[in-house]
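A.B. asks: Fit chain B to the known structure of chain A by using the hints.
Quick note, the sequences are listed as chains A and B, same order.
The opening residue of the first sequence carries number 1 in the numbering used here; numbering runs sequentially from there.
The opening residue of the second sequence carries number 1 in the numbering used here; numbering runs sequentially from there.
These are calculated hints, taken from the structure and not from any lab test.
C-beta atoms are modelled at their ideal positions from N, C-alpha and C, and glycine is treated no differently.
A few of these clues could be false.
Said to hold, decoys possible - Counterexamples of contact, computed for chain A against chain B with all Cβ distances above 10 Å:
| id | residue |
| --- | --- |
| 1 | A121 |
| 2 | P143 |
| 3 | N180 |
| 4 | E211 |
Claimed, not checked - Below, in silico cross-link-like pairs of lysine-lysine (DSBU-like), each with a Cα-Cα straight-line distance of 35 Å or less:
| id | chain 1 | residue 1 | chain 2 | residue 2 |
| --- | --- | --- | --- | --- |
| 5 | B | K250 | A | K20 |
| 6 | B | K252 | A | K20 |
| 7 | B | K59 | A | K20 |
| 8 | B | K252 | B | K36 |
| 9 | B | K250 | A | K158 |
| 10 | B | K59 | B | K269 |
| 11 | A | K20 | B | K138 |
| 12 | B | K209 | B | K133 |
| 13 | B | K59 | B | K211 |
| 14 | B | K109 | B | K211 |
| 15 | B | K152 | A | K158 |
| 16 | B | K250 | B | K109 |
| 17 | A | K20 | B | K152 |
| 18 | B | K235 | B | K109 |
| 19 | B | K211 | A | K20 |
| 20 | B | K252 | B | K59 |
For reference, the chains in residue letters:
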Amino acid sequence: MEWDWNFVWEIMPTLIEGLKITLLATVFGAALAAVIGLAFAILRMTAPRPIAKTTSFVVEFIRGTPLLVQLYFIFYVLPDIGIRLPALLAGVIGLGLHYGTYAAEVYRAGIENVPRGQWEAAKATNLTTRQTWIHVVLPQAIPPMIPALANYLIAMFKETPLLSAITVLELMNQAKSVANSSYRYIEPMTLVGVFFLIMSLISVVFLRFLEDRFSPLEQR
Amino acid sequence: MKNTHFLTMLAGTATLMAVFAGPPAFAADGKLEQLKTQGFARVAIANEPPFTAVAADGKVSGAAPDVAREIFKRLGVADIVASISEYGAMIPGLQAGRHDVITAGLFMKPERCAAVAYSQPILCDAEAFALKKGNPLKLQSYKDIADNPDAKIGAPGGGTEEKLALEAGVPRDRVIVVPDGQSGLKMLQDGRIDAYSLPVLSINDLVSKAKDPEIEVVAPVQGAPVYCDGAAFKKGDEALRDAFDVELAKLKESGDFAKIIEPYGFSAKAAMSTTREKLCAAK
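Next comes chain B alone, as it looks inside the complex:
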């Protein structure tokens, strides 16, 4: 671990010298300089519209990568290259150096804040359920699912919803790990699960695309607060994170931030009215 870090620094410093052929200005910004030279930052995404989306032609969009692309451009990193990952694999992947930053709607929770260096909040959303029309099991909260021994919930593996369900006391064998949105919807239609939980905007996007009159949405889920994500950097890349935060703050102030995320349905005000410190401390 220490060695790699040292090597990264060394490589960063070396490139810096090569590029500017002068005295290195900020040796601590090794990571950023490395990304600049390389011309792109590797980001982890999940393909869960509207947070993250991959179009049929492979173009990466969604609110989180769009914000990151803009900020990296302002930092002098020309582009982002995205790789699709499961939520649960994102933080280990970040720690293993498989990507430079997570921009996937990975909501801030205290245990995640302890594992990565988050930027300031970017996208905020509440949690929702998709379920069979008429809500036959009357599920309004994760607690309701825990209390009904027949209710099964589907959620992305390692996602916030899986953790919320487990924290509410739903036993492991009734929390079904669903690999992607489409599978979740199919499992709901087939009656394998009774509720499929994702953030409100993701569920709405999924359900509106499915056009299935038998599916309805409960939003927001009772008792689950609004969560916000941030760009997640590796511990040790705080210098890069701080540079990112500076540009993010400027972006928010100029109103460009709202212009990027509001078409996707996110509220810029929600992200601007809270802070990383508050969200990471929240239980």
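This is chain A alone, in the form it adopts within the complex:
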């Protein structure tokens, strides 16, 4: 096996096409996860008991089953009841739903970590619920959440190759398709690894920055 730079340049445009899809899936998946996670967290904490219980069950169910199984379900089983999603959308929903449940736990932990006294003080100073959340609770709850959410973001990014199982032509699938016609794995797979590493490192730096940016609030 020899490393062939010419081959690397030849396959680069194809892989970059795949990388775009991977990033798209990650960005939309993360956005969806953030929203779904918040909905789950709020439902679990504030909704009436039966709804909160049901939500807890749903969250546990999604957390307790593999993402790959969920993707197959969304892609191959939902069409039986008339819901036919394009492959990429199915993938984004799968990622968003799965990581949304993780995010929900992070939100919940962050909010519950705000000392009781803060809530009581807010009440004592006659703040409305809205003011309490926006000015007292969330500013203290969000910064400690960031590292945990960041970890999930990076984990999700690294799970996107699973989408190749439901025919999304993302980075891994493009690399496989290249390997299929060239009979060479060394360059495509190495490049996939390198792309993922680069993107992960960039996100780590960015998230460090976010942490720094938000940490002073914590010490206020």
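C.D. replies: For chain B alone, kept in the frame of chain A given last:
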């Protein structure tokens, strides 16, 4: 690469000496001797009946492994052990030494002939489409799919059909890589793809098992010639390949060849009327 080969040879020669305790007869046949000692050959298959099939109890059948099993038996290798692989991963897997031979209906095409050492032709078949009843998009050839901007085709990743579709000019985003026959059928039923392409016998097998009145078959696909597969060996294992060819020729002559493959629906005559040289040269 060179080192492994040397080691294989060394191991082969060593086993040979150990087994016969005499002067090694054919040092060049190291690979075959190694397989004999080991008692089995590792083959790559795809689980695409009738070319290759794995029964519920794990027994490997299908025309390609059956022929290979018989020939290896005659060569003195007791059995074959199969591993299921994607078409695209077979040749890289062969080169990486994960299996000894590919017996999966991997049709001979010039670029594949350049990558592996094929035996003489074994199974021949034309290409077919499975599509929705009535063929709403009027798809008769890969070219038709290329010309219709709404038509999507499903094909196994790294399979002949994927390559044919791409060669006909179907853009990459309309060639959907389908992991297995069942998924392909499901995607067709769900309307995710408009045509699912496999060899004629595979499509017929799949469609007859599905028993779905909404699916019909176009066979053969216009403009796609009949292709033949062969057992594919690693470059460098030509000695083994040649030994395989000798037994294959005998098998064809004796009529046992037809007895093995014809129940599966393959034509022995088609395989016997062409040669590797012709198929590998064909464009």
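A.B. asks: Next step is simple, just say for each hint if it's right about the structure.
C.D. replies: A quick look at each hint next to the structure:
Once the 10 Å rule is applied to beta carbons, A121 (chain A) is consistent with being away from chain B; the minimum gap is 56 Å. Distance check on P143 (chain A): its Cβ is at least 42 Å (rounded) from any Cβ of chain B, clearing the 10 Å threshold; non-interface status holds. Taking the minimum C-beta to C-beta distance to chain B, about 3 Å, the non-interface status of N180 (chain A) is violated against the 10 Å cut. With a least beta-carbon separation of about 39 Å from chain B, E211 (chain A) lies farther than 10 Å from that chain, consistent with its non-interface assignment.
For the suggested pair K250 (chain B) and K20 (chain A), the alpha carbons sit about 54 Å apart, so the restraint of at most 35 Å is broken. Proximity of K252 (chain B) to K20 (chain A) is assessed by CA-CA distance (about 52 Å); at most 35 Å being required, the pair is judged violated. A C-alpha spacing of about 43 Å is found between K59 (chain B) and K20 (chain A), which places the hinted pair above 35 Å, so the restraint is violated. Of the supplied pair hints, the one linking K252 (chain B) and K36 (chain B) holds, its CA atoms being roughly 23 Å apart against a limit of 35 Å.
Between the alpha carbons of K250 (chain B) and K158 (chain A) the distance comes to roughly 53 Å, so the proposed pair goes past 35 Å and is violated. Straight-line distance between C-alpha atoms of K59 (chain B) and K269 (chain B) comes to about 28 Å, which keeps the hinted pair within the 35 Å bound. Proximity of K20 (chain A) to K138 (chain B) is assessed by CA-CA distance (about 34 Å); at most 35 Å being required, the pair is judged to hold. Straight-line distance between C-alpha atoms of K209 (chain B) and K133 (chain B) comes to about 16 Å, which keeps the hinted pair within the 35 Å bound.
Distance hint between K59 (chain B) and K211 (chain B) is fulfilled; the C-alpha atoms sit about 24 Å from each other, no more than 35 Å. Under the criterion of a C-alpha separation no larger than 35 Å, the hint pairing K109 (chain B) with K211 (chain B) is consistent with the structure, at around 33 Å. Between K152 (chain B) and K158 (chain A) the CA atoms are separated by roughly 29 Å; this keeps the pair inside 35 Å, and the hint holds. Restraint check for K250 (chain B) and K109 (chain B): the C-alpha separation of about 25 Å stays at or below 35 Å, so the hint holds.
For the suggested pair K20 (chain A) and K152 (chain B), the alpha carbons sit about 22 Å apart, so the restraint of at most 35 Å is met. For a cut-off of 35 Å, the pair hint linking K235 (chain B) to K109 (chain B) stands: about 16 Å separates their Cα positions. For the suggested pair K211 (chain B) and K20 (chain A), the alpha carbons sit about 40 Å apart, so the restraint of at most 35 Å is broken. Using a Cα cut-off of 35 Å, the hinted pair K252 (chain B) and K59 (chain B) holds, with the two alpha carbons roughly 25 Å apart.
Hint compliance for this structure: hints 3, 5, 6, 7, 9, 19 are not met, and every other hint is.
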